Structure formats: structure tokens, C-alpha cells
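K.L.:
Letter by letter, the chains look like this.
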Amino acid sequence: MNLRALIETRLLPAILVAAIVIILPMFFPSGYYYRIGALVFIFALAVVGLNLLMGFAGQVSLGHAGFLGIGAYSVAIGPTHFGAPSWLCLFAGAILSGAVAFAVGRPILKLKGHYLAIATLGFGLLIAIVLNNEAAWTGGPDGMNVPALTLFGWRVHGSDAWYWIAGATFVGGFLLALNLMESPTGRALQAIHDSEIAARVLGIDVARKKLTVFIISAMYASVAGSFLALFNGLVTPDVAGFLGSIELVAMVVLGGMGSIFGSLVGAAVLVVLPQVLTIFQEYEQALLGLIVMIFMIFLRQGIVPSVTAALAGWRKC
Amino acid sequence: MAELLQFAFSGLTVGAIYALVALGFTLIHNASDIINFAQGEFVMLGGMTTVFMATAGIPLPLAMLIAIVVTTGVGLALHRFAIEPARGASPVALIMITIGASVFLRGVAQIVFDKRFHSLPPLFGADPIQFGGAAILPQSLVVLAGAAVIVALLWLFVERTLLGKAVIATAANRLAARLIGVDTRRIVDFSFAVSAAIGAIAGILITPIALTSYDVGTLLALKGFAAAMLGGIGSPLGAVVGGLLIGMIEALCAGYVSSSYKDAAAFLIILVVLIAMPQGLFGRVKVERV
Amino acid sequence: MLILEADRLSITFGGVRAIDGVSISIASGQVFSIIGPNGSGKTTLLNLISGIYTPQDGSIRLAGETVTGFAPDQLARRGLSRTFQNLQIFSRMTVLENVMVGRHRHERTGILADMLHWPSVARQNEATRQAAGVALARVGLADAAERPAGSLDYGALKRLEIARALASEPKVLLLDEPAAGCNPVETQEIDRVIRSIVKQGITVVLVEHDMRLVMNISDRVHVLARGKTLAEGTPQQVRSNVEVIEAYLGVHGSQEAAHALD
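Protein chains in written order, with my numbering: chain A, 5 to 321; chain B, 2 to 291; chain C, 652 to 913.
Just so you know, these hints were derived from the structure itself, not from any lab.
Check before you lean on any hint, since a few could be wrong.
[Stated by the list, open to error] 20 Å max Cα-Cα, derived EDC-like pairs, lysine to aspartate or glutamate: (1) B:K116 x A:E286; (2) C:K822 x C:D804; (3) B:K116 x A:E288.
These numbers come from a predicted model, not from an experiment.
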């Protein structure tokens, strides 16, 4: 690859995203904004993962909050019931999510279109049911407290600390995703999206590639879920619920399917909107549904690709 | 034995509702290839609208009628304003649209109605009928009878009317149907309307037994879909049989295994059916053409 | 040496025997054409050979190895690739990226290396890009490399599919109606491309309606009718076979038969 392409495809986006993380706090009028920023990056991390699955490989998951839940409860249950350090539980949760994705994904990723949608939806609800019912471990519907994360003797607390941790992790996850797309695996995934049959006759093991990206996206969600629980200090089964999955999907759709940068935009819009519009909080479900519908009907590309296309057109004029 | 009978009966009752939801799925799918994730919301709308009309003082039969009309209107609107404008969209986009519609309708119901659970008075009293040691609610019989009537009417409609034939033709081959003069867009309109109406009736029938709230739709849709799949997507007979089976399995699971995991039973069935026999009990295998 | 052998292949769809006991054997380096009236099972046979359908009966051998029931990707890794009658383009990707996907079986992938963008991945990407560029140039599409594949016209897409399959460096290349819907100039271009492929030592299995192309280019022609073998031989033998002429004239392929006879 020549230098220019390297700069354009990876260096520039990475610098851009890192700059956003670093510069944004300069405009924060109060500490409260660190909290919102942290939430944006945490969700954006999960959305990048889901975007790899949905936007690039073209496989729907309506149960991705299930993996958010596994990650969240790992850092809740591990330290509480087993006295394990939180950071270890975060990794264990990611591995567990990957393992669950492997076990579940093998059969269900054979399914296409709405069958896959239903199967993943069912899977997500299954996780939520377990979290609700196993009260001895999870505290049931009321949820449980999550001990704070301690790193090298430093007890991580406060929105600004979490802002930097979530921001840095997001930049890392963003880069890994960009790299993946510029690799044989990434090209294979995009090929699968357009024509599975053509991908297969070119020697791509479609089932295995889908499983790979499903596992990766599950691990992204799991880490985000762990962060969310550690940051909030509390976790309830809602994190893994149907609405959570839909919210993630809405973020992908909003930012743009197949646009990794769009993941950040989608997450930012849907995290910030409820904060600035009280009406959004009240009517959350209705508006969430409406956004998904409108984008899928009229703006199927999502915000970032649409804007990019408009800019490119404008530049040509 | 009495216990088993009891479980079986409650299973059949909810199963009849799942069967109606599955029928709704089947109707829309056959006419348009779309899986309507908002099918469960039709059931919710039927129940909730009746409850709130009745609370507002409108006589129950009229309230039911209004609920059916309103839901039918919502079904039509869903097709006209969300599905039609997205013609030619990928299956994934269409899935997202109906999912969006489902969440939207939940959200609206939460605003227009409320977040609490509601019930309706049973049509023929609440005194259980004793049968072989099992206690059967009169409303259960109403549900079963209602479901049977709907299935019979649908069958008659398809077999005996020209419009019914057009629906069958559209389901078999949309292009061919259009070529012989069937207005397939109207057929899809019609299938959305009828699906919505069936959903609303199911909601009205079950509310005296199972309670309703703004968010019951998702689970119902999933179980209805599980039923449709168990029976074989596209087969109306399969939808009915699948619905009753899912209801039975769920009731037996609740009775003998764990009631808190009864919802899980339906999903496990979905997964098993999808993986082991994707064509379902009465469906046909599809051949991929390239 | 026989590169591809199919022995008494059969498959039934809904009671119809789409392919009924068809045997073929193809020598390495040949152009082997499969012709027949519409609905005679040509594409179905291709789908069986390329692993998209699994035969209910019979066996397939590729370069001496029994590969009956193998998945398309397993066959591809053994050197069998194909194009499609109804185009299967990766329309979201650029023309070059489409062809890069064709290199997949020659690429080493490791998910960790890919995500961390190891230097080896970067080097390999560059090699893939170059090889893809060469394949594109062979079908005359080098200029279109950076365009979105979806924006090409029909004839170019046909050639793009060939380039993509070529990039996988197959031993056997199945072409499903490469000239269908092409104008005479485009057909000539396809003809040229096929000849250059053969020159490289790749065995070509061709399903095609354009009889002029078939008769010009083929070493052997296999004629199917209603899922069964009607005749096989050199173009001359097939051209003068009475049964073949009848099959074409009897069905709606009369035009093609006229071509076949000239």
C-alpha cells in the first residue's frame, strides 16, 4: 500500500477521532458533560462492533444488548460473588461473550434475513430472562451494585476518568475495526454482504467469516457493557433488554450502516438527544421507532455516508 | 391427569392466540414476503383500545368494534406510509422498518394509554367450569371458539371469493398475478388490514385472561413467529397447528419445569426449528436459484 | 489428463429430474461447452459441478480427487471457480476490490494480524492489489479499477466477473453464459478473453447460447435436452448430429439451430 492510501484510509480517521476525544472537553462547561461524553464513547464502542456485523457483513442482530448484558453482569457478579478483580472480569466477560457468540452463532448465522433477525431477537430476550430470573446471582429485576474498577491501585471513579478511559478504548476499537476492513477478512465480509454465493465460489468460507465477525462484535458489545456497569456502579436486566438492542441498531442505522465513523455519530445523537430534549425522554420509544423507520425509508445510507456523498458532489461542482 | 388436562387446556387457549398471530404473519408474508415484526402490536392495540374505550364509558361491544377498526387502520397505515414508500428496499431494511414500527407503536401506546397492566371483564362470567378435574374458564372457550371462527372465515374467504383467489394467486406468484390483472398493491393493503384486524380480535379475546399492557406485543410477535415457523412459514394450516403446539409446550413447561422460564421455551423452539427443520412441519423447501 | 469428471449425476426438484444421469469428462486445457435448449438443465449441471447443489446421485472428481458434495468454497480452494448467468457482483465495493476478493484463497488471514494490521498484512494487501490489477487488465477493465462496481455497464460487469474468477487462479473455470445480453463487439471481447484464458492452461467449461462463439472456441461440446445427455463430440460432430438438430428445431431454439448449422 502506498503512503497516501495509508494516510487516507487509516491515519487520518484515527487522528480525527483521537482529536475529537481530546479537544471535546475544552468545550465542556461543566463536569456533567464528561458523563455524557463517556456514555457516547461507551455506546459508540458497542455500535462499532455491531456495525461490523450489520453494516459490513450485512447480518442483522436484534439481540446485541444480550452481549452488553453479559459484559455488564460479568463485572458485577465476578467481584461480588467471587472477589475477582474487575479488570479481570472485564476480560473474562469479553471472552465469555465471544464463547457464547461462537456457540449461538454457529447454528443461527446459517439463517438469512428475517430468520436471523428473529433468532437473534429471541437470543437477546433469553439472556434478559435469565438475568431477571436468577435473582440469587443477579439481584433479579432490581439489579445489583457494581464495585468500582481498580487499576494498579488506582480506584477509577468520576466522569472525567471514565471519559478518558472510554474515549481511549473507543479510539482503539475504531482503529482495529478500520484495520479489519482493510484486510482479507474485511473484504470477504463485504463480499458476503453483496453476494454470498459469489463469495463462496471464490473460496470464502462464508459460515466461518460470519461467525468470526459475530464473535468480534459480541466482544465489542461486552466490553462496552462492562464499562457501562462499572461507570454507573449499578446494573439492571434492562441493559440486555429488547429496547437496548433496538437502541444499538438505531445508532448503527442513524450513523450509517458500513460507516465506522458513523457509529460515533449515531451513538452521539442518541445519547445526547435525551439529555437536551426532555421530550425525548418521555417519548423515547416512539421517537426511537420513528427514527429507525424514517432512516430506513428515506435515508437508508445514514448520516455520515449521506453527508460524505453530498460533500463529494459539492466538491466536484 | 387432572393436572395435565388443566395445563393442556390453558396451553390450548394461549396457543389459539399464538395461532392467530401466526396467521397474521402468514397473510402478510404470503402477499408481500415481508415479516411484519409489528404483528404483536396489533394484538396489544386491540386489547388496550378496548380497555380504554370501555373505561371511558363506551359500551363493551362498541368498544371492541372501535378497537378493531382502529387497529385495522393502523395496519393499513403501516403498509401505506412505511412499507410502500420503501419499495425495492433490501430485506434487512424492511425488517428494520417493521421493527421500527413495532417500537413506535409501543411508544405511542405508552403515551396515549399508560404503562400499567389492564384487563377486561370476561364475556360469560368468571366461574370456572369443572371438566375431568380441571377448571376451565368460560373465556378460554370463547378464545378457542373465536379463533376457530376466524380460521373458518378465512378459509371460506380464500376458497369461495374472487378476492380470496387473488390473494392466493399473489402469494403463489406476484408477477404472474399482476399480469392477469390482480392489483397486487391492493392485495397487500388488504393483507395488512386483515392481519391487523385478526390481531386486534386476538387481543380482545385474550385480555380477560392474560392482561395486557403497552409492551405485550414483542413477546406475542416472537411466539407467533415461532408458531408460524414451527408450522412452516407460508402455510396457514401450519400457523394454526404451530400456534397450538407452542401454547401447549409453553404451558407444560410452565407446569412441570419452571414458570419463570416458560417464555424461554418458545425461543428454544424457534432456535431448534430454525436449525433442525427450517421448512417447518408443513412448509416447503426452497431451492436457491443462481 | 482428466481434470474434471462427473459420473451419472442426478438431481430432482419437486419431482422433476432436472439432471438425469449425466456424465462428462473434461481433459485438462480444453474448452468444454455445454449447450442445449432452454430448460435443458445447463445451469443446473453447472450448479452441481460447482457445489451449489448437492447431487442426489452420482459422483464428481476434480483433478483425480473425489469432491462429491463439497461446498463451493472447498472446491474453490481446490482450483474451481465460476461466473454467474445473473451477475453476482459485489456492488458496494470498487471494481478493483471485487477482483481482490478473488485473491482470497491465496491470502493468509489471521483475525488478530488483520485487526492489528501487521506489516505482513500490509505487504499482502499490496500483492493482492497488484495481482487484481493484472487480472483486470486482462479483461480490459484496468481503467475502471477505482469505480464503484455498481456503476459499470452490463458487458463490463460480465468481464469483471471473469476477472474476479481469474484472480483466484483456477485450474477449471466455469463460465455461465458469459456472452448473454452482450452485443457483437462485447461478444468478440469475451471470445478473446476466453482464448487468452485457455492459452494460460486453464480448463474452461462454457455454458452459452451464442452458437457462433461455442462452435468457434470449443474443443468438445456436450448437448443436454430435458436433463439428459443428447450427444457429445467435437463441434463438427455435434453440428451434424440429427438428434441435436431436432432437439433445437423441435423446441424454441430454432434460431440457435440455424446458427449451429451455418
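K.L.:
Let me make sure I understand: some of the numbered hints might not hold for this structure. Which ones are they, in numerical order?
P.N.:
2
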